[in-house]
Amino acid sequence: EAQVTQNPRYLITVTGKKLTVTCSQNMNHEYMSWYRQDPGLGLRQIYYSMNVEVTDKGDVPEGYKVSRKEKRNFPLILESPSPNQTSLYFCASADADWAKNIQYFGAGTRLSVL
Amino acid sequence: GDSVTQMEGPVTLSEEAFLTINCTYTATGYPSLFWYVQYPGEGLQLLLKATKADDKGSNKGFEATYRKETTSFHLEKGSVQVSDSAVYFCALLAPLIKAAGNKLTFGGGTRVLVKP
Chain Z
241 EAQVTQNPRY
251 LITVTGKKLT
261 VTCSQNMNHE
271 YMSWYRQDPG
281 LGLRQIYYSM
291 NVEVTDKGDV
301 PEGYKVSRKE
311 KRNFPLILES
321 PSPNQTSLYF
331 CASADADWAK
341 NIQYFGAGTR
351 LSVL
Chain U
198 GDSVTQMEGP
208 VTLSEEAFLT
218 INCTYTATGY
228 PSLFWYVQYP
238 GEGLQLLLKA
248 TKADDKGSNK
258 GFEATYRKET
268 TSFHLEKGSV
278 QVSDSAVYFC
288 ALLAPLIKAA
298 GNKLTFGGGT
308 RVLVKP
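Residue numbers (our numbering), protein chains in the order written: chain Z, 241 to 354; chain U, 198 to 313.
If you are wondering where the hints come from, they were derived from the structure by calculation, not from laboratory data. Even glycine gets a Cβ: it sits at the ideal position worked out from N, Cα and C. Take these hints with a grain of salt, some might be off.
[To be verified] Sample of chain U residues lacking proximity to chain Z, with all beta carbon distances greater than 12 Å (derived):
#, residue
1, Gln203
2, Thr209
3, Glu212
4, Phe215
5, Thr217
6, Asn219
7, Thr225
8, Ser229
9, Lys246
10, Gly258
11, Glu266
12, Thr267
[Said to hold, decoys possible] Below, simulated DMTMM-like cross-link-like pairs (lysine to aspartate or glutamate); rule was C-alpha separation at most 20 Å, straight line:
#, chain 1, residue 1, chain 2, residue 2
13, U, Lys249, Z, Asp337
14, U, Lys265, U, Glu213
15, U, Lys246, Z, Asp337
16, Z, Lys305, Z, Asp337
17, U, Lys246, Z, Asp335
18, Z, Lys297, U, Glu213
Isolated chain U, as found in the complex (with noise of 0.2 Å):
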């Protein structure tokens, strides 16, 4: 079946530190990907996506490219602040066919904790 695997944390990193939080995949056809990330005493909210190969998502400074070579989808910020301190989740959807359910499938998540 489909599966994420992300590393592992916590990661703990300095202000204006680059954060790199490998995810990869096993999935049959071209899922969609995606990076969600959930702060402290939160719900889970959408951080960014990207549906097809070589499509790069990006929002808040942060940015992951779809590569199905590698089956990867990294996500990636140049300069992390403290406000970025969170849980963050990669994630797959399925292809259409497979779409009953509308069923993501998560990683473990990874804890980053971003100190002044």
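Looking at chain Z on its own, in the form it has when it is part of the complex (with noise of 0.2 Å):
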């Protein structure tokens, strides 16, 4: 079955403990990609990876750092997680052609930084 892994799915942390959010997709992609989630202001792309080693900014990159050093994998790390980034994240996927472009979505990690 064709999937978006992502753990966890909920995450509560203090402000400044460094965590990091797995994705994992067995489709064998080469575009991935992490989103928030904020009330009114539908999804957000934060980062993006064309193919392995290739990644870069989104429209809200601040605060947020990706490694792709395996096409299945992209992990989401936040260094020092401050209030703000209290949020919804979803990872996608998709094929690099980009006439077949479908994004798969994971079923979200729900991020709370007191």
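The task is to assemble the complex, starting from two chains supplied on their own in separate frames and drawing on the hints.
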């Protein structure tokens, strides 16, 4: 079954404590991306990756890092979380063929930073 | 830059009622347009899409037509069910020449609640 798997699903942490949200896909997709969802704002892209070792900033990258060492994994790293990063996070993946572009989303990670 | 505007919710309907969710966009060129649905506690799922003007996307009884002249992609369903209760997102994907990052630009989402 085609899947994008995120972990954890829920996370409560405190300001400044480094955390990592993992994302893995089993569809051999080249493209992966992270979004955050905030009420009334829809989803906004944080970072994306077009392939292994190729990453770039999206619209709201401040306070986040990513890495793409393997094709299937794309972890999101918060080095020093702050309360304004409290949000619902989604990982997505897609085929590199733009004509077939359908993005598949994970189930989401709800993060609360106290 | 690109943007998507959709009607604010929540939209509350009775079962078997007609549903319309308005979506308009601003983009350069000819973007692809999508509707995604988010059921409670789940991630986003693609509901339907259209890639060029006058295309009609359809799935699960939902329809939307790509209207370039009005830059709109309104979602409709003729008879909703309780199971259609969800948040619906309109989104666009820039044309190939601008598609760096394959970034979807989303509207703010519309929560729909269908009562029995």
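query = Which hints, by number, does the structure contradict?
reply = 1, 8, 9, 14, 16, 18
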